[in-house]
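K.L.:
Letter by letter, the chains look like this.
Number of protein chains: 2
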Amino acid sequence: MALSTRVNKNIARMEYAVRGPIPQRAAELAAGGLRTIACNIGNPQALGQKPITYCREVLSLLDAPFSLDRERALRRVFTLQPAAFEGIKIDDLVSEHALAVADEFLTRLPSGLGAYTESKGLAFIRQAVADFIDKRDGVTEDNGLRADPELIFLTNGASEAVRSIIDILIADPTDGIMIPIPQYPLYSAAICRAGGEQVGYYPDEDAGWTLERSILDEAMARAMARGVKVKAMVVINPANPTGAVLPRESAREVVDFAEEYGLAIIADEVYQENLYGAEFVSFASLVGDRDIPLFSLHSTSKGFYGECGRRGGYVELRNPANIAGGNTNFCDIMLKQASVSLCANTTGQALVYLMVRPPPEGCDAHDRFVRERYDILDSLHHKATLIRRAFDEMEGLKCFGRTGALYLFPRLEKLPPGKTDFDYCMSLLENTGLCTVNGSGFGQKSGTQHLRIAFLPPAELLEQVLPEWIAFHNDYVNGR
Amino acid sequence: MALSTRVNKNIARMEYAVRGPIPQRAAELAAGGLRTIACNIGNPQALGQKPITYCREVLSLLDAPFSLDRERALRRVFTLQPAAFEGIKIDDLVSEHALAVADEFLTRLPSGLGAYTESKGLAFIRQAVADFIDKRDGVTEDNGLRADPELIFLTNGASEAVRSIIDILIADPTDGIMIPIPQYPLYSAAICRAGGEQVGYYPDEDAGWTLERSILDEAMARAMARGVKVKAMVVINPANPTGAVLPRESAREVVDFAEEYGLAIIADEVYQENLYGAEFVSFASLVGDRDIPLFSLHSTSKGFYGECGRRGGYVELRNPANIAGGNTNFCDIMLKQASVSLCANTTGQALVYLMVRPPPEGCDAHDRFVRERYDILDSLHHKATLIRRAFDEMEGLKCFGRTGALYLFPRLEKLPPGKTDFDYCMSLLENTGLCTVNGSGFGQKSGTQHLRIAFLPPAELLEQVLPEWIAFHNDYVNGR
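First to last, the sequence lines map onto chains A and H. Plus 1 on top of the position in the first sequence (first one is 1) and you've got our numbering. Plus 1 on top of the position in the second sequence (first one is 1) and you've got our numbering.
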């Protein structure tokens with residue numbers, strides 16, 4: 002009996018360039034012994050960024066609760082006779098603060114990390130997330146704008162939250178989601194998979210990837226003209242792939258626009274710590290007491306944590322009663338969807354807890370934490386600056402926007418006839434080992450050419466490869 | 002402007018009883034201070050099952066690679082002067098084998114657990130999984146039936162694999178998946194969400210939940226009569242919710258049937274260690290060299306590990322060229338789908354590695370590992386036996402099948418007029434604190450009534466509550 006040859010057409014036509022042909026070619030080159038540098042993805046620890054010691058100390062204790070007593074005994078014996086431990090320093094011992102936090106965590110969760118949790122994630126972690134959001138946004142007890150732990154879901158990275166939200170929002174093939182162009186391809190992939198319509202809006206590159214109302218109106222008019230019902234709009238701030246930090250005025254335009262059209266805002270704020278001096282304005286703070294449905298996303302993968310592999314993240318909902326028109330309890334449907342997956346992984350949940358409760362001043366983990374955080378963010382800023390400087394020596398290459406996130410997204414204004422940014426990135430890889438992603442992988446504005454580079458390789462490696470890139474570039478664009 | 006009020010109808014109508022109204026009521030009772038016993042879900046560590054020490058030792062070291070040297074120094078100093086460590090015993094130290102395994106792991110993966118991995122999961126772990134499968138099934142180098150690491154995907158628990166497979170398989174609303182009735186509601190939920198058709202087949206309860214060819218033929222005829230194109234069939238062995246272990250002859254019927262109709266087999270084998278003396282026959286071994294597409298699933302959540310919260314699991318594909326008719330590269334589509342989520346969480350991946358490579362004889366972690374494994378499995382068997390014995394004292398209650406997995410699924414043959422198994426389970430909860438799931442939550446055969454109980458509570462607690470259940474039962478069924 003002959004079977005249908007078809008599989009789900011939405012999944013079959015879905016695209017995801019960040020792990021597409023260029024990184025696949027890089028893997029082949031690396032297997033052949035060539036030096037390749039993975040700048041195609043924001044994966045800091047793969048390029049040598051060290052994890053935050055405090056987080057790892059606590060995770061390690063949570064994995065092995067039986068080691069708490071042993072660590073305390075070790076600390077006691079070490080204090081009495083440090084010389085016996087040849088080469089081990091006091092800093093190599095687990096901090097008292099990590100011991101106290103692990104102890105408290107396990108008091109709240111006696112079964113430890115091995116059990117399924119509530120589908121939404123552990124209640125005390127969701128409360129800690131709510132407190133973090135309130136503190137970040139300067140929300141006090143009495144102004145009625147506090148985050149609600151019952152509207153927070155802990156997820157396997159922010160990606161899982163995005164897929165869940167979009168899967169639920171898309172009710173039929175004419176439902177649409179507005180996304181910035183260029184965008185992180187998770188969004189186009191999720192919309193494609195859910196069988197909905199992607200409606201692009203185009204931040205103004207030459208003005209530093211900012212937004213004006215006319216940009217949003219133009220996208221909405223286009224959607225309406227083709228019969229698409231827009232239900233939500235995605236904003237990524239700081240942005241991926243452009244790295245640009247959205248100015249407060251642009252963010253305000255988004256909120257006004259969403260209110261006027263009854264849209265939910267999906268605010269991807271996973272790079273909220275990657276600012277390098279710029280100001281971050283959360284969408285929660287801009288929405289304030291207005292009845293605008295908001296999903297805001299955060300993650301343990303970015304910032305200075307870089308714990309990508311752990312798949313820790315959360316989404317906070319505001320005004321869920323208004324989502325999708327208000328006749329459905331959106332939060333209940335999200336909960337049901339989460340229940341089928343049982344719960345987000347507990348290591349990721351624990352990391353979210355640590356992210357929202359950094360070691361306070363005065364404890365023995367604080368100074369080291371602050372130093373490690375500073376070193377990582379400072380080094381990222383330095384590396385972004387090195388790359389931007391190299392851009393100045395590349396013909397016909399321009400990079401806009403205030404540096405944020407982990408990416409630069411320069412425009413290639415000069416390419417040999419018939420060559421695309423994909424060709425350029427593939428040649429760049431073959432010639433220098435630098436693995437980047439072509440702008441077309443992010444759905445760039447028609448007629449433009451770009452690339453995205455994650456500014457993560459060690460500075461010494463950048464200093465070595467940037468001159469090679471400059472030479473490659475100026476040869477390539479001149480057809481040499 | 003008015004928005005559509007609709008959300009995705011498939012997700013809105015999806016059901017998931019394991020975390021439905023009865024467990025929700027249990028949470029309310031618990032919040033009110035009542036003793037409740039969570040037998041609604043296979044979540045062993047929540048009910049006091051201890052994690053395997055060896056696994057936790059290695060995870061703890063992988064989280065804190067900087068502690069490897071410290072642990073070695075500690076071991077050295079301890080050996081010289083154990084008395085200084087007041088109360089700490091040599092067994093409280095990390096085993097030498099755990100240190101060696103962590104060292105080797107980090108040599109293969111110098112960036113550690115914080116980086117995204119390949120979308121399929123770390124290559125050396127997939128190789129270890131392939132070796133495990135071959136060893137389990139007695140496959141040798143030269144018979145051409147070895148598992149292929151490139152056809153193994155590491156996933157966030159087996160649940161994620163199931164959703165991914167079903168999402169891809171369902172191409173249109175007349176595509177169907179055969180599932181056993183009763184079934185684990187993940188399957189009905191995944192099929193519903195993907196917008197496909199569920200085709201139930203009915204293992205013979207009175208014959209111990211076994212299968213004969215006529216049962217499968219009947220289901221296929223029913224599907225064809227209503228225009229459903231069956232693409233795959235799910236087998237859960239040992240079964241959830243019935244706990245029954247499928248005899249070899251029944252499994253052979255499935256393989257012959259799948260071959261004849263060109264179906265893929267989705268073999269949920271996550272309870273393959275939960276046998277209590279019964280024989281486990283893998284579908285990979287039964288498929289052998291026949292060209293039958295097979296997905297086999299395994300997990301770190303069950304067995305004697307019980308690491309549910311970690312979300313570790315894998316799926317192995319066989320004969321993917323024949324899946325969905327052979328014109329599509331199913332494995333490539335699965336890879337693309339995995340890429341969008343970036344990778345499965347690394348703690349779960351590491352646990353899969355530890356599961357497929359238990360400590361070998363002769364190392365210092367072996368004896369303790371074997372003892373802990375024995376104690377857990379023996380205790381599970383003992384608890385299942387206690388409950389089955391209590392069943393003998395309950396009027397009109399019968400339990401079929403060889404005990405396996407973590408569940409018993411007795412049939413309630415005597416209920417007061419108008420009462421359903423849902424009513425029974427809710428009353429059982431209110432009266433004794435025992436939280437079970439009604440059989441209707443698993444889609445039982447029309448006209449029958451059941452409940453599922455996970456045999457996980459500590460034996461002392463069972464010995465206390467079982468007499469209460471017997472008394473409740475005999476009162477309830479007699480309308481007292």
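It should be emphasised that the hints constitute simulated quantities derived from the structure, not laboratory data. There could be a bad hint or two in this list.
Since the list gives no way to pick one copy over another, a pair counts as held whenever it fits inside one copy or between any two copies.
In silico DSS-like cross-links for lysine-lysine, where the CA-CA straight-line distance does not exceed 27 Å [claimed, not checked]: (1) K230 <-> K420; (2) K399 <-> K337; (3) K10 <-> K446; (4) K415 <-> K446; (5) K337 <-> K10; (6) K415 <-> K337; (7) K230 <-> K136.
K.L.:
So, against the hints stated earlier in the document, which numbers end up violated here?
P.N.:
Going through the list in order, the structure violates hints 1, 2, 6 and 7 and respects the others.
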